[in-house]
Amino acid sequence: MAQLTNTYRATGLRAAPSLRQRIDLPRRVVFGAAASMIFIVVLLLAFITWQGLQLFIKDGVSIGQILSPTWQPDSTSPNLSFGLLPFIAGTVYVTALALLISTPVSVGLALFLSEVAPGWARAIVQPALEIFVGIPSVVWGWLGITILVPFLSHTFHGGMVLSLPIAGDVFRVPGFLTGFSWLAGSLVLSIMIVPTITSVSYDAFRAVPQELRTGSLALGTTRWQTIRHLLIPSALTGVLTAIVLGMTRAAGEALAVQMVIGNSPSMPAAITQPVTTLTSQITLDMGNTVFGEPWQDALWTMSLVLLVISISSVVLVRVINKRRMGA
Amino acid sequence: MSTGDEMPTTATYTEPVLRRIDVTAPLVADGSAAGSDQIKIATEHVSIKYGEKVAVKDVTLTVQARSILALIGPSGSGKSTFLRCFNRMNDLIPGAKVQGQVCLDGENVTDQDVSVVELRRRVGMVFQRPNPFPMSIYENVAYGPRRRGMNGRRQLDELVETSLKRAALWDEVKDDLRRKSGLALSGGQQQRLCIARVLATEPEVILMDEPASALDPVSTLRIEELMRELREAYTIVIVTHNMQQAARVSDVTAFFTMADDRAGYLVEVGPTGRIFTRPTERLTEDYISGRFG
Amino acid sequence: MTATPSQTIGRPNGPKPSLKGKSSRGIILADRAATVVLWGTGVLVLTILGAIIVHFALAAWGVVTLNFVVSDPSETALGGVMPILWNSIYMLALTMLIAVPVGILGGIYMSEYAGENRLTNAIRFAEEAISSVPSIVVGLFGLILFVDDLHLGFTALGGALALTFFNLPLMTRLSEQALRAVPQDERSASLALGATKWQTIRHVVVPLAIPGLITGVILTAGRVFGEAAVLLFTSGIGTPPHYDFTNLDLTNPASPWSPFRPATTLSVYIWKLNSEGLGVFKNQIVDGSAAILISMVLIFNLGARFIGRVLSRRLTAA
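Protein chains in written order, with the numbering used here: chain F, 171 to 497; chain A, 7 to 299; chain L, 19 to 336.
With a cut-off of at most 20 Å between alpha-carbon atoms, the simulated DMTMM-like pairs for lysine to aspartate or glutamate come out as follows:
hint	chain 1	residue 1	chain 2	residue 2
1	F	K228	L	D167
2	F	K228	L	D166
3	L	K38	A	D97
4	F	K492	F	D373
Some chain A residues judged to face chain L by a derived CB distance under 10 Å, without partners named:
hint	residue
5	L110
6	N114
7	D117
8	V122
Just so you know, the hints here were simulated from the structure itself, not pulled from any lab data. C-beta: ideal position from N, C-alpha, C; glycine also.
My request is simple: use the sequences and hints to build the entire structure.
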């Protein structure tokens with residue numbers, strides 16, 4: 171401190187900043203560390219975009235072909251076709267079903283933690299959720315293979331048909347062949363995204379002021395009515411953000427899905443049938459293709475699609491939250 | 007502050023509307039009778055504990071129907087806690103325990119099998135800080151009725167309008183009932199919206215926990231006028247730190263203070279005019295003359 | 019005031035239903051049902067977690083022995099996972115060596131320097147963007163950058179850098195939160211004594227934030243340890259050879275200490291065995307490896323809690 175006082179006396183109150191102060195090295199260093207993330211993103215966008223466009227630029231594949239359902243990427247194939255539709259559709263369907271299963275459970279869990287659970291229960295469930303987050307995706311995939319897939323194929327072997335007198339078979343689900351299926355993929359994903367949706371929704375519910383809860387209860391409403399008609403509407407943007415983040419995580423998950431989904435590059439037919447996704451096809455094929463060949467270029471295009479999905483979801487979350495600020 | 011001169015509105019009250027508890031008097035009042043001596047709320051030996059800490063000790067008093075009872079006293083004297091046992095809001099605080107009887111029209115509300123939902127519809131509450139819900143003005147007022155199953159559009163429209171009129175807010179908001187958020191109103195308007203919201207659940211008793219302490223003087227006066235008007239149809243219990251306010255609006259004043267063990271207790275209760283001019287207890291006199299608290 | 023007392027909207031004059039009446043029975047039943055369902059979600063999560071832990075404890079029984087942990091993989095016998103476990107730890111250390119300083123420094127900028135401007139907004143956007151990019155895409159980015167363009171081949175260094183890219187946002191955000199949690203008064207007090215901003219940060223803010231920073235490091239470590247998709251195409255998926263730990267030549271790809279060699283980690287190994295493994299003991303090896311991963315996750319989690327608590331107690335007591 172004495173040293174500082176001396177400096178102060180020597181320079182005077184209005185002294186020009188020293189060279190050291192002007193350069194402010196620490197500021198520059200910490201700024202560089204933070205800004206490195208911008209650098210990484212720009213680099214990543216540039217590389218993936220460039221590679222992802224090679225299929226169009228170098229191999230001359232048309233957008234129309236990309237959107238076709240036919241995937242025959244092997245150069246020896248007589249009717250070579252790089253239709254990515256099965257993968258995009260697979261990703262969308264598997265993600266959608268996972269969200270459908272996971273959202274009610276996760277939002278329920280968030281409500282349990284924020285509105286219902288006594289302190290001791292929260293002190294058990296919250297750390298459990300953190301451990302959930304930490305379980306590696308290959309472990310989830312392995313659990314899917316060793317427990318879920320055999321369970322599905324044994325239990326629902328027969329399939330389901332819903333017949334009506336005149337309309338005939340209105341609803342038909344063939345039985346599982348092996349258990350490796352759209353449903354298996356969605357179930358594994360639905361568990362994996364529970365912590366994401368739960369923690370973000372939980373924060374949204376906690377952000378609703380306590381006075382609103384007491385205000386509602388004082389009007390003679392039950393806790394459930396307060397949750398249903400006050401908390402959920404008030405926290406809606408937060409819950410939507412949670413669902414979008416869960417969706418992003420589900421659509422981008424690779425290994426766990428690949429391990430249980432069956433990897434059949436055709437359009438999804440039924441939840442009991444094998445399908446494939448963008449991530450699982452990349453995982454499977456990338457190692458078996460040569461850099462520069464059209465097949466691999468198609469895989470890069472798939473990763474570009476994934477990148478577009480994830481960046482859009484970031485923008486979407488920002489739009490949702492800007493709405494909230496504006497309201 | 008001085009006393010006596012500052013009670014324009016209470017100077018007109020005609021009879022002592024509250025008796026120091028007479029335990030032998032029947033607590034059950036005929037609900038359909040609208041006599042001025044009808045007892046709406048009666049508490050008997052009410053003590054409230056938070057865990058081991060006694061917050062309120064042995065309070066016995068009665069509230070006449072269609073009168074305003076003001077609870078005054080220093081911070082920590084348990085006024086708000088006591089107020090909250092009338093509609094069992096203390097249930098929400100873990101570890102809170104109410105002993106003794108709190109009777110609404112002769113029915114003990116602390117009984118285990120009392121429906122809290124039903125109780126709170128009959129005993130509404132307005133809080134210190136206005137707490138409108140983040141929805142339109144209309145939806146704020148319709149919130150309570152909707153929750154007990156009122157769905158008819160015309161019925162709701164009518165109820166919302168009457169409630170807002172009663173809360174003296176209708177003229178200011180009638181043009182954008184459904185578009186404007188309750189949060190977009192001024193503080194005083196928000197508080198009147200909260201009062202309208204309570205009125206829409208058709209209560210008999212309205213509890214007000216320092217309803218004007220977060221408001222500016224003009225808004226405060228409006229709320230006070232409103233309370234005098236509502237008194238014609240409702241029984242009101244108000245907690246206030248503001249002694250002029252208690253003197254201006256209430257018919258009866260109850261003075262609480264803290265014992266040495268920090269437990270709140272009732273020192274004295276009586277017609278507001280008398281409490282502020284001729285208190286029987288020394289503690290009350292000290293407090294209202296500003297020597298304490 | 020248009021309402022008059024006679025135009026009563028309340029029920030003050032009407033007959034009063036008993037407080038014990040059944041008029042609100044429906045909504046109360048719904049409330050009870052909802053409470054049961056919400057408790058159900060909590061029980062469900064605990065049951066699943068408990069089942070997973072028990073499952074792996076049983077599966078690992080008899081597989082995860084000392085021999086399993088210290089020996090090389092074998093095609094014919096059960097073998098072990100020693101080199102793979104070593105790679106996991108090695109990759110973790112290498113990644114954290116880069117990610118921790120950069121993440122904490124970035125967190126310092128975001129917490130202490132960043133103003134409300136476009137640049138800060140851009141950094142936040144980048145942070146969110148990397149967090150949302152699928153790990154497999156980050157892996158592909160590493161593949162193109164390190165393997166295809168820089169011709170490094172599959173290396174531990176490439177994998178560690180890709181892992182750093184992927185986890186930097188998390189590390190930065192956790193650091194920022196830890197630093198923001200330091201009360202403003204501490205900063206003001208230091209600045210009022212004439213300390214410069216950087217002196218304040220170094221000698222007051224960072225030391226006070228250490229428990230939070232350590233928690234952040236451990237949580238990030240847990241994620242790095244289990245990550246596989248980023249590494250498939252950056253650090254390789256081959257079964258490692260026998261490692262000679264006496265070879266300390268860091269530039270020699272044969273040395274287990276060298277960052278310029280392929281390094282298959284436990285998570286990647288599980289995936290590899292599952293997709294290509296045909297050996298008799300495949301299931302046991304995967305179960306054993308998964309059990310080790312799960313135990314590490316538990317250790318990281320409990321460790322973060324424990325160390326965070328101990329340190330903050332010591333700091334507040336001092």
